[in-house]
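2 protein chains.
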Amino acid sequence: MSKKRGSQTYVIDSDICIKNTYTIVGPEEAQGSFKDYYDYLLEDDLWECKSYEKAEIKLHKEVIDGVLKKEYLTHNNIDCIFGGDLLNQIISSSFSAREFEVPFLGLYGACSTFGESLAVASMIMDGDNMQRTVCATSSHFGTAERQYRFPLELGTQPTPTSQWTITGAGAVLLEKNSGNFPKIKSVTIGKVVDYGIIDAANMGAAMAPAAYDTISTHLKDMNRTPDYYDLIITGDLGKYGLDLLKHFAEVDGLVTDNIFDDCGARVYTSKQNCGQGGSGAGCSAIVYSAYLHKELLAGKLHKILLVPTGALLSRLSTMQGESIPSIAHAIDIEI
Amino acid sequence: MSKKRGSQTYVIDSDICIKNTYTIVGPEEAQGSFKDYYDYLLEDDLWECKSYEKAEIKLHKEVIDGVLKKEYLTHNNIDCIFGGDLLNQIISSSFSAREFEVPFLGLYGACSTFGESLAVASMIMDGDNMQRTVCATSSHFGTAERQYRFPLELGTQPTPTSQWTITGAGAVLLEKNSGNFPKIKSVTIGKVVDYGIIDAANMGAAMAPAAYDTISTHLKDMNRTPDYYDLIITGDLGKYGLDLLKHFAEVDGLVTDNIFDDCGARVYTSKQNCGQGGSGAGCSAIVYSAYLHKELLAGKLHKILLVPTGALLSRLSTMQGESIPSIAHAIDIEI
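Protein chains in written order, with this note's numbering: chain A, 7 to 341; chain B, 7 to 341.
A couple of the hints might just be wrong.
Just so you know, same-sequence chains aren't split out, so a pair can sit in one copy or run between any two.
[Claimed, not checked] Derived lysine-lysine pairs resembling PhoX-like cross-links, with alpha carbons at most 25 angstroms apart:
| id | residue 1 | residue 2 |
| --- | --- | --- |
| 1 | Lys9 | Lys226 |
| 2 | Lys309 | Lys9 |
| 3 | Lys9 | Lys191 |
| 4 | Lys245 | Lys182 |
| 5 | Lys10 | Lys191 |
| 6 | Lys252 | Lys9 |
| 7 | Lys252 | Lys277 |
By construction, these hints were calculated from the structure, which means they are not laboratory data.
Okay, chain A solo, but in the shape it has when bound (with noise of 0.2 angstroms):
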């Protein structure tokens, strides 16, 4: 018996419980909107290493031994870990999944891979395939800025639409029939969408046409407007990406005053000089795992849909003259 429902929306029967998580965050992060919700804060980028790459493998593997410590549990006690980063070869992850003798799903869908895992996770784990799972996502900003961009000893000056990466990390323990918590009752798997933008500082842009489409499929694929949800919170799109999504919505008829957010959006201060907002595969994750799993615990939300974003240009594609094609995951948590 299909659990699809619509032209890609899925179901979740079993029942899939977002049981713990766990949080790293960098020096920028540790003085954002929700400092008071992260478990661990850097003081410094480098975490004793010799790199960037490399502190940013040890925010991947601590932010999974801490989700892990915080239930008790060991490796022996994992099915699987999901995850991805935004590295080349998304070596964040893979070098992390070395120090776990579990095994290792690599995934990769840029800054909607903590999406892409929840969901792939979740579907899986409704096949009775797997009790236990541990998705994470992490990102930096050394290492984004770097590979993407520039080497930060340039100094180089951002311009108007760009974002901050990320540096942090968030990890999630999956488990299935453990009660009370927030869990997974359905996900929308994205579509690649593509509206031409070329502009890589540019990225809430080139990402809302395709959070647009996936929430919009999500909507109908499940007969639902968005005041189901308590809140429709897209992953990295920015402030100004976020006022696209609205407007996009709002041409349709859709209310989303007080529903529509976004995590980028909202991960740092207005007082902080962090541009259109946070960006990178440990933005949703760490704004899921610290704040929103925080707030659905507490009571304070019910329904939520988080729709982590990416877009899935690489350096040489923007060289070679292309477009960012871009996605986007729905994942319907609620309590």
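Position chain B against the provided structure of chain A, taking the given hints into account.
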């Protein structure tokens, strides 16, 4: 009811058929051992594109199109495309996915990605979450050489243990309950294994321990000996890596003669000057899709264990002095 067997293996209860396949290969592969089995042979590996990267994107798109056309299907008939490749940010997969109006899940396990995609797709389909999917992976000699090693124009001499990245892509159509086709019966998800090899031109040695870890775990989890299978075939260990794998198995008392083989070691003839053999995310994809699938359909093989292998390095990890973590996933395919 959990379908887990032992520590890392999942029995696929549903009837997940590999209903059809499609392959496109480059000029070198077109002279190789399986030249009569491929669907489409390129005379020029640029394929009328402006760059090798654009050619690889075209390869990836055309194999998906090819397998759909063989089955008279359109994009609307497909629940999801799973795929990955070796390029930074898997642009071959992502950029080809924008040509289809189909949900997309990007995966990265280096050259093991074909195995990862079969494992993830079959576990999701097993949960009744999807009915018909496409798994596709690709690689290209020109793009891989310049990304991982040196631009072709430099004419760098290969070392004795080096392999030849496959120019080619393979796509398979997975469908539930389609009758008498090869079926995915169980999957073993690999762990990341690192024996400290630091020579990026000796992938066979880096990956052989991961391959053996997964194969021996699979056999233990399923309580089988190698002779349960007509063939246990790894992805791209090459000749030297295959020798190492057999050595590991023989030390443990397993019989490997006439059972253990490797797609990379087989894909070129001994007359071709291709080092230890083929490698790349396209390697196991084209050998399964072109040769093994037809042998299964023809009744020449009945039970095979396909074990795509991946070296999870990046150019940057190598430059930072890191060793090469590796992974392998085992797919039990029977008819």
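These are the hints, each one checked on the structure:
no. : hint             : in the structure
1   : Lys9 to Lys226   : within (15 angstroms within a copy, 33 angstroms between copies)
2   : Lys309 to Lys9   : within (20 angstroms within a copy, 31 angstroms between copies)
3   : Lys9 to Lys191   : both (11 angstroms within a copy, 22 angstroms between copies)
4   : Lys245 to Lys182 : neither (36 angstroms within a copy, 44 angstroms between copies)
5   : Lys10 to Lys191  : both (12 angstroms within a copy, 23 angstroms between copies)
6   : Lys252 to Lys9   : neither (30 angstroms within a copy, 43 angstroms between copies)
7   : Lys252 to Lys277 : within (24 angstroms within a copy, 61 angstroms between copies)
The earlier numbered hints that this structure contradicts are 4, 6.
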